[in-house]
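Given only the sequences and the hints, what does the whole structure look like? Please build it.
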Amino acid sequence: MLETIANYLQQQGLAVLRVDMFVGIMPDTPDDCVALFETGGFKPELVTAALVEYPTFQVMVRGSEYQSARQRINEIYKTLHGNTSIFYLIAAQQSPAYLGTDKNGRYEFSVNFKVTKTF
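Residue numbers (the numbering used here): 1 to 119.
No wet-lab data here; the hints were simulated from the structure. As the structure is a computational prediction, the values presented were derived from the model and not from experiment. Possibly wrong hints are sitting among the right ones.
Said to hold, decoys possible - Quick list of in silico lysine-lysine cross-link-like pairs, DSS-like style, CA-CA up to 27 Å: (1) K43 / K114; (2) K43 / K117; (3) K114 / K78; (4) K117 / K78.
Encoded structure:
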């Protein structure tokens, strides 16, 4: 699921997979990057003989400049929230949040999403 979302974000010009966007890890470099993490999900349901799943994921953005990192997380939020072109629905669980700075003084933001998809 995360690779599919990462590829979609790359197609939208928001990051480049394995250059400044990573799945399951946020490496120490580059300073300005995006990371996607699986965060569990909600109980699946049977709907008209189809299994509907509700996995969740988190997007983290790190940047050397506060404003550019804030802008990047907002662009990802606007691109994914309400999106129906990848799965049945991707919905943000809250607005992007500022997490503070990491040990190297880089600014970090995150936003969490819930996906609705059939299995």
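Okay, which hints does this one fail, numbers in order? none
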